Amino acid sequence: TQLLEQSPQFLSIQEGENLTVYCNSSSVFSSLQWYRQEPGEGPVLLVTVVTGGEVKKLKRLTFQFGDARKDSSLHITAAQPGDTGLYLCAGAGFSGGSNYKLTFGKGTLLTVNP
Amino acid sequence: DAGVIQSPRHEVTEMGQEVTLRCKPISGHNSLFWYRQTMMRGLELLIYFNNNVPIDDSGMPEDRFSAKMPNASFSTLKIQPSEPRDSAVYFCASSLGSGSFRTEAFFGQGTRLTVV
Chain A
23 TQLLEQSPQF LSIQEGENLT VYCNSSSVFS SLQWYRQEPG EGPVLLVTVV TGGEVKKLKR
83 LTFQFGDARK DSSLHITAAQ PGDTGLYLCA GAGFSGGSNY KLTFGKGTLL TVNP
Chain B
2 DAGVIQSPRH EVTEMGQEVT LRCKPISGHN SLFWYRQTMM RGLELLIYFN NNVPIDDSGM
62 PEDRFSAKMP NASFSTLKIQ PSEPRDSAVY FCASSLGSGS FRTEAFFGQG TRLTVV
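Residue numbers (the numbering used here), protein chains in the order written: chain A, 23 to 136; chain B, 2 to 117.
Calculated directly from the structure, the hints in this document are not laboratory data.
Since this is a predicted model, take the numbers as computed values, not measurements.
Among the clues, some could well be false.
What the hints assert, rightly or not - If you want a taste of the chain A side facing chain B, the calculated C-beta under 7 Å gives, among others:
(1) L41
(2) E60
(3) P61
(4) G64
(5) Y122
(6) F126
(7) K128
Cβ coordinates follow ideal geometry from the N, Cα and C atoms, glycine included.
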């Protein structure tokens, strides 16, 4: 059983479209991170959200942490080919456990076509 | 800063052989993590070191896997004997602080291991 479920698993869109990917769990996390991974590279941190209901914006990317700290979403406005990659969510402090232990979802593989 | 450096980038070995993966964390970081990534299981934490001491190795699959951190600038992950099911991309990551993930984890480029 996957602690963090990400959806959709695959997403292929045209340049300029908007999209939202989701990260859901039945468990509470003390914080949640979003990473982007490009082929042949390691994941790179995009953002960390800590407070339930928190919204953070990073240029065209908007991240939201659910009120109950069990879920999160990533919205991309006007997607560009450079946004292509595997988007991973990772939760820390699962059900009050250790904060160093990051539990990763399997990711959403996003392809933005020119 | 060169970031987290892993070697080799690719490793192909025969079943039963010993494999050693290497990692140099970012200077000044005191937490080091080894992860394994597969299509089926995604990214899994294998072991976590803080100040060179193994804190949590509950993710290490079995006794064939071992990890060491003899000093702050070097860590190894060893598989002996290797099996085809060990084929995966292995990542090393480092971070500042005690491992709280309010701080950023920096990943290396990974080692793609293929056991035939």
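Indices of hints not satisfied (ascending): Violated: hints 1, 2 and 3.
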